[in-house]
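*Asks:* Residues per chain are reported as follows:
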Amino acid sequence: MIQRTPYADAFTYVLMALGFLLLLGPFAVIVAGASQTVQQVNAVPFNFLPQNQLIVNMTAAWQRADLGTAMLNSFIMASIVTFGKVALSALTAFSIVFFRTPLKHFFFWIVFITLMLPLEVRVVPTYAVAADLFEPIRLLIAWVTGITVSIEWNLLNSYAGLTLPLVATATGTFLYRQFFMTLPDELAEAARMDGSGPIRFFFDVLLPLSRTNMLALTTIMFVFGWNQYLWPLLMITDPAYKTTMMSLVALLPAENGTPDWNVTLAGSLIIMLPPLLVVAVLQRWFVRGLVSSEK
Amino acid sequence: MADITVRAVRKSYGKTATLHGIDLAFASGEFVVILGPSGCGKSTLLRMIAGLEDITGGEIEINGRVVNKLEPRERGCAMVFQNYALYPHMTVADNIGYALKVAGVPKAERRARIAETAKIVGLGDYLQRKPAALSGGQRQRVAMARAIIREPGVFLFDEPLSNLDATLRVTMRAEIRKLHQRLSATSVFVTHDQVEAMTLADKLVVMNKGQVEQVGQPLDIYHRPASTFVAAFIGAPPMNLMDARIDASATVARHEHLAIPISSAMAAALAGRDVTLGIRPEECRVLPAGEGLPARVDFVEELGSGRIVHAAFGSRIFAAAIPLDIRVASGDLIGLALPPAQLHVFDRETGRRLDVTHSMGRHEPVRQAAEAV
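Chains R and A, in that order, give the protein sequences. Counting from 1, one number per residue, gives the positions in the first sequence under the numbering used here. Counting from 1001, one number per residue, gives the positions in the second sequence under the numbering used here.
To be clear, the hints were calculated from the coordinates, so they are not data collected in a lab. Where hints are given, some of them may not hold.
[As the list claims (entries may be wrong)] Facing chain A, according to a computed beta carbon distance under 8 angstroms, are these residues of chain R, among others:
no.: 1; residue: Leu117
no.: 2; residue: Glu120
no.: 3; residue: Arg122
no.: 4; residue: Val124
no.: 5; residue: Pro125
no.: 6; residue: Asp132
no.: 7; residue: Leu187
no.: 8; residue: Pro208
no.: 9; residue: Ile236
no.: 10; residue: Asp238
no.: 11; residue: Arg288
Just so you know, even glycine gets a beta-carbon here, dropped at the ideal spot from N, CA and C.
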């Protein structure tokens, strides 16, 4: 329902402005704080005006937390997660929408259920699996033959372990499914008449058509991958695989150390830049992919 | 060029059967139109020929080869869909050439054939456009070009003109007919529009509720409908139908209080039977009040070339097509004349046609309408 009255208009504008300030507030604190000296950042009241120490603080943060390695790791992790999620969800939705198999609904509901089981809920079993991939097979062999074999493979301290458990995504699958369902059945049939098989149809027709969708998903999933904290914390003990979110913790001032929040804030600023950049570049498609279906 | 034989073909979805044993044979180069109301199974039959639907029972043979188990691409059919089903992200040229690309035809040859095909359908200037930048008629042409370029033995059309406006539909109808003359590939055209069916068909198949009602040449079907369903479905406005009992003692059929004169042959052959009588609106003649059978004008439709009078006749409304020089207005009392030779007679129970020769004086036995298959 769309209403047009001056009061409602004014009210919505006030709400909008408040929301904007609320979102912008923390960001202003980061930008201002990151460019101040230790004395300035700890002054009461807080000064919201940026100063000239930004580069100094950023350099300090970069060195203290070894952000070079961490940024690279986070970038690799977020990229793999994004790519994996986009590819996997496109394929899953493809098989759910375009194939008639008896188990279709079963698989659809299995995917659906995972919406209720985010990583945080299943973190212990997932860790158990990642720490010892062959445990079920070992148990099976031991149970069937009585022989205890000692094959072992774990994903701790590896990019695979960092990304694989995060790749499966119900949200992405649904996004694709909704889009695929808007396509007329005749499109697939026309392709069949033209002699194209399912794989060919997927690459020649579906992928080009779902470009905006894909970019929207890329945006969401890159930010999601970049922001992971709990999972890397569990999987990674080797500092060579450390991610930015873990470095952020290292940037927090120690209990009795110097309260150099300016360095912490400068570090956060660096860390939030890549996802900000991705969103800025892709936001046009992001909105289009989620809102409209191109015909 | 290919002939198609459909043998006892059935289709069911779970327990609901939609086609109950269809037997048809289409000769090579024939233009066949399958006509029927929505839900009669005509599209399903077409899609089974194309290979887009599984065949529950029976056999479909194309060019002497049973194709039940073959993929669509192996059947040598091309299909034009109702909503065109163009690939929205490809240019017109890519749309037309996609089948060739899939088949691995070299680029140069592909380009030449695309240009040639586009010329046939008059799309030469639009090759680099996307479908979204085309009008409905142009999209339909792309869809046809996409079918033509494969040089198929069989063209399948699934209500291809339904999405076009009335004027364009007439133009495209003529173009499809011309195209068929030029390519002379066997064509199967599904529609619910009887004008399309009458104008396009070499052979017309009328379907109802998953069964074939009648097969034949359009004019034969128009003049000798095999059942009340076909009689009412073909012709606009539809044939007037009424229940009647053939009088045992006089050459009339009794409908309520009315006595409708019939031929002596019909009277003799069907004396005492309950039948359904039918007459086409254009065969009814309107007479001044007092002559013929009494009727009261309900309303008049002006067609420009003539007018259609809807008149209360007994307890039902009869349509009569009359020339412009007869003027009537609603509420007028008129007389209706139903020429006995133009009366169609159907069995009341089964709805099937009862054939009576209308030659004067000779009594011929009743014969069930033979269905040419």
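*Asks:* Indicate, hint by hint, whether the structure satisfies it.
*Replies:* Comparing the hints with the structure gives:
1. Leu117: This interface hint is violated because 34 angstroms lies over the 8 angstroms limit.
2. Glu120: violated, 39 angstroms
3. Arg122: violated, 38 angstroms
4. Val124: Nearest chain A Cβ about 44 angstroms off; hint violated.
5. Pro125: violated, 40 angstroms
6. Asp132: violated, 45 angstroms
7. Leu187: holds, 5 angstroms
8. Pro208: holds, 4 angstroms
9. Ile236: violated, 42 angstroms
10. Asp238: violated, 45 angstroms
11. Arg288: Result: violated, 15 angstroms to nearest chain A Cβ.
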